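With the hints as your guide, set chain C onto chain X.
Going down the list, the protein sequences come from chains X and C.
In terms of my numbering, the first sequence opens at residue 1 and continues consecutively.
In terms of my numbering, the second sequence opens at residue 316 and continues consecutively.
Don't read these hints as lab results, they were simulated from the structure.
Keep in mind that this is a model prediction, so the values were computed, not measured.
On the chain X side, residues computed to face chain C include the following (Cβ under 7 Å):
(1) PHE39
(2) ASP102
(3) GLY217
(4) GLU219
(5) SER223
(6) ARG227
(7) SER270
(8) THR277
(9) TRP278
(10) ALA280
(11) VAL281
(12) LEU288
(13) VAL308
(14) LEU312
(15) GLU314
Beta carbons: idealized from backbone N, C-alpha and C, even for Gly.
Each chain, written out:
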Amino acid sequence: MAFTPSKETYTGKVYSVTIGTDENTVTFGGENVLPFYTFEGVVPNRPVIAYEIQDVPPDDWPENIQKPFKTVSNDPITWAKFCQDVLKAKAITLRLKGTHPDSQNRSPEDAAKTVKDVLSAINVPLILLGSNHTEKDAAVLVAAAEAAKDKNCIIGKAQEANYKTIVAAAIAHNHKLIAMSELDVNLSKQLNILITQMGFDREKLIIDPMCSALGYGLEYTYSVMERIRLAALAQNDLSMQPPMLGDIGMYVWKVKETQASETDMPQWGSTEERGITWEAVTAIALLLAGAELLIMRHPKAVEAVEKVIDELVEV
Amino acid sequence: MALTGVEIFKLLPKTNCKKCGYPTCLAFAMKLAQGQVSIDSCPDIPEDIKQKLAEASAPPVKPIIFGVGDKAVKMGEETVLFRHDKRFVNPCVFALEIKDTLSEADINSKIEEVINSEIERVGQRLRIDAIALTNDSNNVSKLNAAAKLIATKAPDVPIIICTGNPEAAEIAVKQFADKKPILYGANPENAESMASIAKNYKAILGVVASSAFGGSGGGLDELSAFIERIKSLGIVDIVIDSGARKAKDILRDNTLIRRAAVKKNFKPLGYPIITFAQRGDSLIESIIATIGVAKYSSIIVLSSIEKWKNLALFTLRQNIYTDPQVPMQVEQKIYKIGEPKPDSPLFITTNFSLTYFIVSGEIENSKVPSYLAVMDCEGLSVLTAWAAGKFTAAKIAQFIKESGIENNIKHRELIIPGYVAILSGAIEDKLEGWKITVGPREANGIPAFLRSKTT
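Isolated chain X, as found in the complex:
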């Protein structure tokens, strides 16, 4: 019995999205096959990993993830420069965490100023995220989008409860947009349709089907991503063809496994290596499920994941 490889080609294709300006752009997405299946289709771009920073010092991050940024994280500008210049970040995510009413309740104007300051300090593409407070985000992201006008950023996250104002801001100031729904293929599809019905270009969307960390629902995100990707490729479902985001760092660095000390959990081994591995394994699992854009925190996890991406896309 002779073996003939059964190659799968699809009618659908993932949109490629470019962010940033001038010569400092990055592009992700664009493939017409399942993740890294270079043997049967076109994978024009590698996934992009964006380092996460925030507008206020990361006091709520566990010790082991504060450590790599200890000397720079008091100020978002030095933090962003450190990511770009020292860590060679390909993109940076500024999470406007301080605007959350439970954090410092910073005003949209304060947020806009931070965005401007960070933008003037770096030239790699910037992703602007709210604090995941749906009401406040609506105001904050409008101000942030305006402050970053024409810088071709990604803003987010637009959710069912607040998408209208955020979509309008993205259109007005020429940004890409993250549409987030909660672990459900149909909810994601529906939100994408609502957003495009407002006149937002589908090819500027990024789908966030909601991330989860290894051990804390990863299998849900994994399967929802696989199903979204198959809908895009095999069923040629246009509303499912934007690239996907894995907002890894935030979810990984709040679970017990990335924090518990070895003294408390001797059978879990070194806390530091455990945390880094937790982030790297979560990242690769979601890349295999279909994510093209990752937001991550630990430099060692990013470095290892980049190395394996090199191996996966090598020609």
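Frame of chain X, contents of chain C only:
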């Protein structure tokens, strides 16, 4: 592809004799197609047709049991390419490589690591399942000595003997003769002798494409032909190695192998895949292993098994191999979040694992020590459990009374999920002396809720 009911029906005697227990041959054929009955229930099928049917109805990836006794592991039996299509069936095996070039003390400590690797997570006991002894020395007596050590110190741990040298193979495998080991290393040059050793000692045979040894490598076509040859030598239990070692090659070969088996029912590649993930950098090795876990490896060989790495890989394997149709559940009990005191708040929710993880995570984020009562609702989320009559006032009241929480707290206030606000009156009626407070609908409202409550 497996045969359909009608295709099977055509091969049956069509006598409707009912000896199989079904009213007609067609009914029996339908049950056969669904895999719900054995072909042996029909006494009148000729042997050759029986074989044809058995082969056609066999799972596309052959089920193979590796090892014996309590620590034996089942591999293969997979039927889908995506876990959401049904489920991945038999979780991959993690094996620790032990080189025969190591000193006796080092081999002993590696054996100890394997034996002590077991941990518990969400009710499952997880461990490094096997040892892969490699003949790095190229020396027969060294492999023999290391095998002896393992056979003595870890007699019940399933073992893979890795060598291309039949002389070394026989001496080592002999020591595990009745233990269903894997003899890995059959290649086109040594096939006959390796096959006969595997047969003599009832070992599973690990076959490898020539490319694994730096040869030109004929790819999966050559591998398929070679496996046909191995089968013709009378070997039934096989694990396959395409020779892929780089991330890209592992992903491609594993996918093409599993696809051929599942979608084309291509028998030569319908066997569990063994992946050698060893790297100098343990973090990189964890990531390569991640590719194997997610994408179709049945055995993953590791060069080191640090505790942090095991925890991550065990958890990943558990996540990927969870049955998507059966919700993950957590144990029914009162969980302590932080170090709650007698005046700390008490929440209640259902035992769907995701619900538990999200609610407990948000309570943790709020930094307000609390009690979280998690009630067994067969793994349903709050709204579904309520709709299904499993999260009702009577059941909540009974659970709270029987939980013994009344001895740990001095207040009598229970915070219920906002989605079941409708239950508050009924619970108050059934739980005498208690005040029911309606919490937020979504878990992410918990920190704000707790803050407004404590100020």
